[in-house]
Amino acid sequence: MAGHAKQLTYEDNRHQESEKVYQSLEPGRKVKPKKPKRNGDVMVIFAFMAPALLIYGLYVVYSIGMTFYYSLYEWSGISNTMVFQGLQNYVTLMQDGIFWTSLQNNLLLVAASLLTQLPLGLIMALLLFSPVKGMRFFRSIYFMPFLMSTVAIGILFIYIYDGNFGIINQILGQLGLESWQRGWLGNEETAIWAVIATVCWQFAPFYMILFRAAIVGIPEDLYEAAEIDGASPRKKFLHITLPLLIPTIVTSAILSIIGSLKYFDLIFVMTDGGPNNSTELMATYMYEQTFTNFNMGYGSSISFTMFLIALIITVFILFFDQKRKGES
Amino acid sequence: MLKKLNEVPLYMLAIFLLLFTGLPFLIMVSASFKTQMEFMSSPWSWPDKFSFENYRLLFESEFFRFFYNSVIVSVISVVAVIILAAMASYPLARMKFRLSRPLFILFLVGMMIPIHTTLIPIFLLTKNLGLYDSIWALPGPYIAFALPVSIVIFTQFLKELPKELEESAKMDGCGHFRLFWKILFPLLTPAVATVAIYNFIQIWNEFIFALVLTTSPENATLPLGLREFYGQFSVNVPGIMAALTLGSLPLLLIYLVAQEKIVKGIAAGSVKG
Numbered sequence: 000m001a002g003h004a005k006q007l008t009y010e011d012n013r014h015q016e017s018e019k020v021y022q023s024l025e026p027g028r029k030v031k032p033k034k035p036k037r038n039g040d041v042m043v044i045f046a047f048m049a050p051a052l053l054i055y056g057l058y059v060v061y062s063i064g065m066t067f068y069y070s071l072y073e074w075s076g077i078s079n080t081m082v083f084q085g086l087q088n089y090v091t092l093m094q095d096g097i098f099w100t101s102l103q104n105n106l107l108l109v110a111a112s113l114l115t116q117l118p119l120g121l122i123m124a125l126l127l128f129s130p131v132k133g134m135r136f137f138r139s140i141y142f143m144p145f146l147m148s149t150v151a152i153g154i155l156f157i158y159i160y161d162g163n164f165g166i167i168n169q170i171l172g173q174l175g176l177e178s179w180q181r182g183w184l185g186n187e188e189t190a191i192w193a194v195i196a197t198v199c200w201q202f203a204p205f206y207m208i209l210f211r212a213a214i215v216g217i218p219e220d221l222y223e224a225a226e227i228d229g230a231s232p233r234k235k236f237l238h239i240t241l242p243l244l245i246p247t248i249v250t251s252a253i254l255s256i257i258g259s260l261k262y263f264d265l266i267f268v269m270t271d272g273g274p275n276n277s278t279e280l281m282a283t284y285m286y287e288q289t290f291t292n293f294n295m296g297y298g299s300s301i302s303f304t305m306f307l308i309a310l311i312i313t314v315f316i317l318f319f320d321q322k323r324k325g326e327s
Numbered sequence: 000m001l002k003k004l005n006e007v008p009l010y011m012l013a014i015f016l017l018l019f020t021g022l023p024f025l026i027m028v029s030a031s032f033k034t035q036m037e038f039m040s041s042p043w044s045w046p047d048k049f050s051f052e053n054y055r056l057l058f059e060s061e062f063f064r065f066f067y068n069s070v071i072v073s074v075i076s077v078v079a080v081i082i083l084a085a086m087a088s089y090p091l092a093r094m095k096f097r098l099s100r101p102l103f104i105l106f107l108v109g110m111m112i113p114i115h116t117t118l119i120p121i122f123l124l125t126k127n128l129g130l131y132d133s134i135w136a137l138p139g140p141y142i143a144f145a146l147p148v149s150i151v152i153f154t155q156f157l158k159e160l161p162k163e164l165e166e167s168a169k170m171d172g173c174g175h176f177r178l179f180w181k182i183l184f185p186l187l188t189p190a191v192a193t194v195a196i197y198n199f200i201q202i203w204n205e206f207i208f209a210l211v212l213t214t215s216p217e218n219a220t221l222p223l224g225l226r227e228f229y230g231q232f233s234v235n236v237p238g239i240m241a242a243l244t245l246g247s248l249p250l251l252l253i254y255l256v257a258q259e260k261i262v263k264g265i266a267a268g269s270v271k272g
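Just so you know, the protein sequences line up as chains V and G, in that order.
Heads up: the first sequence at position 295 corresponds to 294 in numbering that gives the first Met the number 0, and the numbers run straight through without jumps.
Heads up: the second sequence at position 98 corresponds to 97 in numbering that gives the first Met the number 0, and the numbers run straight through without jumps.
Worth flagging that the hints you see were computed from the coordinates, not collected in a lab.
For each residue, glycine too, the CB sits at the ideal point set by N, CA and C.
Where hints are given, some of them may not hold.
Simulated restraints, written as ranges between beta carbons of each label pair [claimed, not checked]:
no., chain 1, residue 1, chain 2, residue 2, range
1, G, 158, V, 79, 44 to 52 Å
2, V, 215, G, 252, 23 to 31 Å
3, G, 129, V, 46, 23 to 31 Å
4, V, 131, G, 252, 42 to 50 Å
5, G, 12, V, 89, 22 to 30 Å
6, G, 234, V, 293, 53 to 61 Å
7, V, 232, G, 173, 24 to 32 Å
8, V, 222, G, 39, 54 to 62 Å
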């Protein structure tokens with residue numbers, strides 16, 4: 000009984016004390032009971048965000064952390080024995096010729112994507128604004144490759160590149176270029192280029208859409224003013240369209256680089272990294288190590304390296320983009 | 000006259016690009032209507048007479064099982080993403096709290112991450128959750144990876160709605176939940192369309208998680224099923240072409256109906272992302 004009374008006084012005292020603090024901080028102002036409302040807000044924020052945070056936290060944040068954790072072990076993924084290795088997997092990786100080949104192929108894919116998909120996408124987008132009749136029809140067809148699943152594209156192009164009956168070889172035959180005929184995907188020298196051409200076919204329409212949206216956003220009166228000054232179409236493109244497209248070009252470049260670094264589907268379906276690892280990418284090599292050879296730890300170290308490379312490149316691009324923005 | 004002459008190279012370029020983008024589709028569709036015999040003798044010509052045999056065989060195969068799996072997984076994932084992302088965006092866009100910026104950036108970073116970084120832990124997690132080799136393994140990762148771009152789109156859209164909406168709702172004694180679902184969410188319709196379209200295309204065509212998280216043919220989604228077909232019947236080229244055509248048809252049909260919306264949705268989804 001006594002303890003209970005004591006507790007009450009204590010609570011009372013504390014309450015009075017806190018009121019005193021409030022009053023001394025804001026003299027002459029009535030103290031408002033702020034706390035309950037704030038708690039209510041926290042509950043509301045929590046209730047609205049918890050489901051998304053839970054799923055995102057589990058599948059993305061936790062998983063990235065676990066990738067690093069697994070990369071420190073030697074582990075088959077099936078057995079219960081995990082042997083701690085420290086950074087040994089990364090040391091092995093740095094000495095792994097196939098990994099370097101795959102990284103090189105990824106960088107080749109990045110360069111090829113930037114040099115083919117973006118310009119082609121831009122040309123297609125500019126063409127949409129030209130006076131060509133029936134542009135709506137052209138646009139509908141131009142965009143179609145992007146909607147097809149990568150697996151379907153991969154299978155379709157396996158037949159297109161086929162060494163016996165593929166249409167590429169048929170066309171070459173009709174042009175009298177029999178010596179150029181070959182099994183495009185079975186040949187170590189041509190396989191990577193055949194795949195790169197397919198990636199370009201798939202993604203150029205995507206950049207067309209991005210550039211088109213950006214060109215629509217350019218105010219018409221800029222062109223009208225240039226026309227009054229007698230600017231040629233070429234000048235209008237170089238001095239109005241291109242400068243205003245730079246933010247879109249930066250965005251497209253980021254998307255293209257990130258996309259090329261994590262590329263997987265098409266190569267997996269078309270060549271599975273072959274022949275003789277000539278089309279191996281980091282992602283296909285990671286898949287092979289993890290799910291074919293059951294080196295979960297080693298596979299994780301490839302995964303995490305991919306993550307770091309993508310992170311560094313993104314930060315790099317964003318840094319230069321900020322600098323460019325600061326200058327202009 | 001001069002102007003007309005100037006247009007000739009433009010038309011040539013336009014037609015060249017038309018052939019470049021369109022020819023593979025034409026090849027695919029035309030081959031799908033051939034018999035194997037006809038394909039052998041002239042693989043890439045237009046079919047002499049249309050044979051529907053390849054499509055009839057597809058109806059007897061597992062094709063519609065794959066199709067059904069894809070529909071279930073895509074629809075559930077997209078609906079869940081819309082609800083979860085819209086809810087999470089509400090406090091981020093319209094309430095002031097200390098963690099709002101860090102939480103937003105946490106989601107934003109998710110767009111830059113190569114999904115393969117999470118593949119191995121998600122594979123193990125799925126096994127531990129007892130969802131391995133079932134179509135229910137897929138919505139989790141699909142939702143998680145669709146959340147960032149969706150939250151960015153919803154947050155931006157919500158920020159542009161007038162502040163008075165909350166004030167008048169509060170005056171009427173309307174709580175946060177009713178305010179959100181009854182007043183704000185209906186106003187989000189254009190953003191919902193963008194989010195739905197963008198994510199549906201991504202999820203419908205997704206391959207690597209489906210490959211790693213399921214193994215039995217009866218749990219395969221369409222991209223996985225097409226690969227399965229290819230593995231089994233790669234010699235029957237016209238049959239495979241029919242499967243590819245039918246598998247690509249749903250998105251192409253939706254595209255024909257809602258072209259403008261889809262194009263806008265993809266542009267918005269990518270640039271924000």
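Verification of the hints:
1. Checked against the given bound of 44 to 52 Å, the beta carbons of residue 158(G) and residue 79(V), roughly 50 Å apart, stay inside it.
2. Distance hint check: the CB atoms of residue 215(V) and residue 252(G) are about 26 Å apart, consistent with the given range 23 to 31 Å.
3. Taking the beta carbon of each, residue 129(G) and residue 46(V) are about 28 Å apart, inside 23 to 31 Å as hinted.
4. A C-beta distance of roughly 26 Å is found between residue 131(V) and residue 252(G), which places it outside the suggested range of 42 to 50 Å.
5. Between residue 12(G) and residue 89(V) the Cβ separation comes to about 49 Å, which falls outside the hinted range of 22 to 30 Å.
6. At roughly 32 Å, the beta-carbon separation of residue 234(G) and residue 293(V) lies outside the given 53 to 61 Å, and the hint is violated.
7. At roughly 56 Å, the beta carbons of residue 232(V) and residue 173(G) sit outside the given window of 24 to 32 Å.
8. Between residue 222(V) and residue 39(G) the beta carbon distance is about 55 Å. The supplied range of 54 to 62 Å therefore holds.
Consistency with the previously given hints fails for numbers 4, 5, 6, 7, ordered from lowest to highest.
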